[in-house]
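**Student:** Keeping the supplied structure of chain A fixed, place chain B upon it in accordance with the hints.
Protein chains: 2
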Amino acid sequence: MKIVIDAYGGDNAPQEIVKGALQALKEKEGFSVVLVGKREEIEALLSSETYDAERVGIVDALRVITNDMSPTEAVRKMKDSSLVKAFSVLNSDPDAQAIISAGSTGAVLTGATLLVKRLEGVTRAALAPVLPTVKGGFVTLVDCGANSDCKPAQLVQFARLGSAMVKATSGNRSPRVGLLSNGTEDKKGNELTKEAFPLLKAETGINFVGNMEAREILSGDYDVVVADGFSGNIALKACEGTALAFMTILKNCILAGGLRAKLGYLLMKPVFKEVKKTMDYNGYGGAVLLGLTKVVVKSHGSSKAKSIAASVIQAYTVASAGVSTSLEL
Amino acid sequence: MKIVIDAYGGDNAPQEIVKGALQALKEKEGFSVVLVGKREEIEALLSSETYDAERVGIVDALRVITNDMSPTEAVRKMKDSSLVKAFSVLNSDPDAQAIISAGSTGAVLTGATLLVKRLEGVTRAALAPVLPTVKGGFVTLVDCGANSDCKPAQLVQFARLGSAMVKATSGNRSPRVGLLSNGTEDKKGNELTKEAFPLLKAETGINFVGNMEAREILSGDYDVVVADGFSGNIALKACEGTALAFMTILKNCILAGGLRAKLGYLLMKPVFKEVKKTMDYNGYGGAVLLGLTKVVVKSHGSSKAKSIAASVIQAYTVASAGVSTSLEL
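The listed protein sequences derive, respectively, from chains A and B.
Residue 1 is where the first sequence starts when you use this note's numbering, and the numbers rise one by one after that.
Residue 1 is where the second sequence starts when you use this note's numbering, and the numbers rise one by one after that.
Next comes chain A alone, as it looks inside the complex (with noise of 0.2 Å):
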């Protein structure tokens, strides 16, 4: 199996792209990478790594897209860049199964969209990421910005991709599977929810347990949540903000707290940096775009090589328990 990773995208491209590529091949055996952009400095980032040759591979693409290009222009305009080229190798490399990217969302997205192949009966592929819960699990959030409007039967759809992944990826064979609303009651939620509810209860497959609220996405009672793109990217965005806002909040107490909180603070330091580590989804891996026949994964833009091998590895994952070829719809 090959998985393309394309080198130049993210704010830490090309250095730790590469390296969390090396360091995902050191971590699992089974596959190889081609990195796509820069043939030249690709090769002098590797002179310095120790790494397995037979399992790396370059494709020279010359140019990047970056965060502030249209994405749907910069798609169709620039088949030279990393992003383009990388999609191109998947499609064209049969052993090709998986592309990394952490460059623009936008670009990756519509990449994805114009160029790979969805899964049949999938009407639009969904972006989702995993988050960690307070039991120790995880926890998959379908949609969360691949699609800003929806019928009902796409929620459908994103509560079967998202269980079908969850059960090839982990030991749980029915994924309980919640409708992100604005209340537990049946009869809670927008149009588009109390619309979605029946199809959901009827869906054979799933193991969907009933509407939920954003207050309970991290509780580990659910894993799979289900939501429109808009309402899941802001249910996301809203456990990022917080979480920092937590830290930001915690730190200036700290400051202000005086010797006292200062010494506390130093003796909890290894417990801080255990809690970050837990909460930071992106040390888990990216996002998977679910619903295509190759598995694609769109890491944080950040993204450093920690979060790129986990990524790599995730893709690795999805890719061998065969999620795309197998899903039925």
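Some clues are possibly wrong.
Which copy is meant is left open, because identical chains are indistinguishable; a pair holds if it fits in one copy or across any two.
[Stated by the list, open to error] For lysine-lysine, the following PhoX-like pairs were computed, each having C-alpha atoms within a straight-line distance of at most 25 Å:
hint : residue 1 : residue 2
1    : Lys77     : Lys38
2    : Lys194    : Lys262
3    : Lys262    : Lys135
4    : Lys77     : Lys187
5    : Lys262    : Lys277
6    : Lys262    : Lys167
Don't read these hints as lab results, they were simulated from the structure.
**Tutor:** Chain B in isolation, oriented as in the chain A frame:
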């Protein structure tokens, strides 16, 4: 000015409601309270307290609307419930300017919708909680649940109502209004926000600063966050859930951290208490229902005396600023 209080709404009623009302009287002059509920029980609670009897009235109401009742049915049929009776006092007593309840949100919203006159031009009232920001200020989120499906023009009303309340209750003459979206670029959003954007931009009298992501709600860069009620509710509940998750994970890491971590925790206890107090938005008051001719404050269901006292003072502040009566729409 009289502030009417539903003494039997909420998990800790009537004890904490009565205590909170008396606390508010101690903290501020200029108003009196009317406690609505079972007269005998309220009198018994008051008998063990010291307070200015001139500032406390009681109106008898024998029944209580609970969370499991259908709000519309309860409000229509239970005229002798503490909540409906409180609305009745609010409407019949010319000195009554505001009502507080910690009861069922559905019932409070329904009661307000059916029983309190809207300001001219207001389509639907909106529920606006006030959250603390990392810069030590506050942000008002409009709407967080009264209107699950909105039209673009309603979002503009939310912006105006929120701005008016912030202007009236703080020194801020030009509250920065952000439109909750899935990106900051002008073109981002779903169908609703894309239609609302130009309307907000064209609206004189508000300081519309553009689209914003949910990650920035608590940043202190916005004073009013505008969203349809479904999205606003998701944002609010996601913030709550993440703060709770953070504290749970922190606690788990401390317990697993051994002696050093526990010692550090003991030293940092005052800091954690301060953080919790800062982030607990219920400590600042309740959610104000904007767009009505009287002030309606929905306190959190689990409110204790401190939150109730804060809600009463908040209601007093909003009412004396004349927000309800002077808003031009």
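**Student:** Each hint needs a verdict: does it hold in this structure or not?
**Tutor:** Here is what the structure says about each hint:
no.: 1; hint: Lys77 / Lys38; verdict: within (18 Å within a copy, 73 Å between copies)
no.: 2; hint: Lys194 / Lys262; verdict: neither (50 Å within a copy, 47 Å between copies)
no.: 3; hint: Lys262 / Lys135; verdict: between (30 Å within a copy, 21 Å between copies)
no.: 4; hint: Lys77 / Lys187; verdict: between (47 Å within a copy, 21 Å between copies)
no.: 5; hint: Lys262 / Lys277; verdict: both (21 Å within a copy, 19 Å between copies)
no.: 6; hint: Lys262 / Lys167; verdict: neither (45 Å within a copy, 38 Å between copies)
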